[in-house]
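Asks: Below, each chain spelled out in residue letters.
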Amino acid sequence: MTAGQITAIQPAQEAPDQAGVGPLGPKPRRISAGRIGLYAFLIVAALFFLIPVYIMIVTSLKGMPEIRLGHLFNLPGEPTFQPWADAWLHACTGRDCNGLSPGFYNSVKITVPSVVISIICASINGYALTFWPYKGANFLFGLLVFGAFVPYQVVIYPLIIGLSSVGLFASLPGIIIVHTIFGMPILTLLFRNFYAAIPVELFKAARVDGAGFWRIFFHIMLPMSLPITVVAVILQVTGIWNDFLFGIVFAGRPNWPMTVQLNNIVNTTTGVREYNVNMAATILTAAVPLLIYFISGRWFVRGIAAGAVKG
Amino acid sequence: MQKSWRRRFHLPAVIGTIPMILVAVGVFVIGIGFSVLWSFTSSKLFPTYDFVGLAQYRRLWSDSRWLVSVNNIWFFGLMSITCNMVFGYLLAVFMDQRIRQEDLFRSIFLYPFAMSLIVTGLVWQWVLDPNLGLQAALRNLGWSSFSFAPLVDADTALYALVVAGIWQGSGVTMAILLAGLRGVDEEIWKAARVDGIPTWRTHMSIVAPMMKGAFATAFVLQCVSVVRVYDLVIAMTGGGPGIATSMPAVYVIQLITVRQNVGQGMAAATMMLLPVLVVLAFSGILLWRRNREASA
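Protein chains in written order, with the UniProt record's numbering: chain A, 1 to 311; chain B, 1 to 296.
One or more of the hints may lead you astray.
[Stated by the list, open to error] Some but not every residue of chain A turned toward chain B, in silico, with C-beta under 8 Å: (1) 38; (2) 49; (3) 157; (4) 225.
Keep in mind that the hints were calculated from the coordinates and are not lab data. Note that beta-carbon positions come from the ideal geometry of N, C-alpha and C, so glycine has one too.
Generate coordinates for the entire structure from the input sequences, incorporating the hints supplied.
Replies: See below:
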C-alpha cells in the first residue's frame, strides 16, 4: 500500500458517514475523555519531537551573554543573525576558520554526481533484470541485495585498499564511486520492482517491432520511469547529504562534506564553545534534506516504504 | 531453441549490468573475502599475508573495549528496537483515529528522519548538556536540586543514545505501521464491533497479526540501522565517557584508522558480519521452504 492510495481511500470512507447523519454541515464532534486523551498523547509526542529543534533555533538567534544566563526556552531578547553568518563564513575547525560554506559546496559536488550516476546504473540494472535476465543475473542480484544488509565496516577497508591502488582514495571520484556502490542494492531493488509491474506485453510489442536493449530502454522504459526516479532521487539526495562515515573515510580532507565539517566545528575542543554558532551550523547542515522532506511530502514516505520492502 | 539461447546471453544486457557485476562480485564477495582473509593475518597499517591463525580473534575477545562494545550494541539494539516499535505502534494507532491535522502530526513525527544522524546526535548532546540543556534550564526556573545529566555518566550515557535513536527513527516505524493499519479491511473492525470485542482486543488479536508484513519491514529497517550505528555515537558521545558508549562499528573504524591494527579490526568486522549472515541464512531457508511448499 502506498501513501497515494491512502489518500484516495480516506474521503470515500467518510462520505457515507456524513450522508447518514441527516443534518447538513459538519458533524458535531463528541468530546469524550478518550478523545481528549488521544490528543493529549499526540500533542505530548509532538512536543518531544519539536522541542529540541525549537531550542536550536532559539539559541542560534541569541548572543553568547544571553545564552550564559541559562534561559533555554526563552525567545531571544535581542535576535541576532550574527551566529548564522559566523557559522557560514568564520566557524573554525582547528586552525581553518572558513565556516561551513566549503563543506556545503563539497556536499553539492559529492551529492549531484553520485545521485545521477547511481540512478543511471540502478535503472539499467533493474531494466535488464526484469526484461533481459541472462543466466546468473538473478544470482548476482541476490548478492547485491545481500550487500544491503552487510555492515559497512566489513567492506570499508578492502575498498580503501582497492581505491588507493588505482589512485582514487581520498578524492572526489573516489567518494562518488563509494556512494554509487552503496546506493546500488536498494536502488536496483526499487527499479526492478517498478519495472516488474509494467505489463510485459509492452516489452514484447517493442521486441516484435525490432527494438533492441538500449532502444527499448531509452524510448519506452525511461519515459515511464519518472515516478520511481523521483523516489530514488529523494532517497539518494537525503542519504548522501546526510552521510558521515563514507565522507570522512573516502573523500579526503579537501573534499570533506558538510556533515564532517559540522562535526569538526562542534566537537573541536579548543577555545570557548560558541553554542549559538554551533547550532546555526547544525541547522544549516540539516536544511537541505529538510527542505526536500517538506517539499516532497508524501513522496518521501513512499521512498522509505519502497526502500524498506525487501525482496 | 536458438531464440532462448539468445535471450539468456544477450550481450547488451550483460554490458548494461557491468556496474552491478562489479559491485556484487568485486565489493560484496571479493571485498568481504579479503576482509575475512586479513582477519587471520598480523596486518598492522597495511595488509600483509603473514598468517597467524585465530590469534587476532583471541586478542579481540580479550580486549575490554571490544567486550564493552558488544555488550553495548546488544543493550542499545534491544532497548531502541523495543521502544521504537512500541512507541511507533502507539503513534500509528493514535494517528489512525481519524484525527484532525493528521498531515501536520505526520510531518512532525517524521521530520527528524530526514536529518543526518550527526545532526540528531549534536541536538541531543546539547539538550542533555548539564550546563546548557534541560538541567540548567530547570535549575534556572527555581528547581535547584534538579539533576539530569545522562551523558556525563557512564551508566546512563547509553540510555541517552536510545532516546536520540527513538527521536530519529520512531516516525518511520509509525509511517510503516500506519500504512499497515490502513491496509486492514474496514469490515474486520465492523465485524469485531458487532461481536462486542473491545477495541484493544481487536488490535492485539486480530489486526496486529494481520500486519505481520509491516512489522517485519519496520523491524528489519531497525536492525540494519542498529548494526550500522556510528554517526550518532560519534556526534553525541564520541564513544565516551571513557569507552562507555563504544559500539562495534566505532571500534572497527578506530582500529583501522587511529590504532592502525588492521588484522584485529578485520576480525572485529568479521564478527559483525556473522550475526547478519546467520539471520540471512535463516530467513533464506524459511523462504526456500515456503516456496517449495507452494510449488508442491
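Asks: Each of the hints needs a verdict: does it hold here or not?
Replies: The hints, checked one at a time:
no.	hint	verdict
1	38	6 Å, holds
2	49	5 Å, holds
3	157	5 Å, holds
4	225	15 Å, violated
Comparing the model with each earlier hint shows a violation of hint 4 alone; every other hint is respected.
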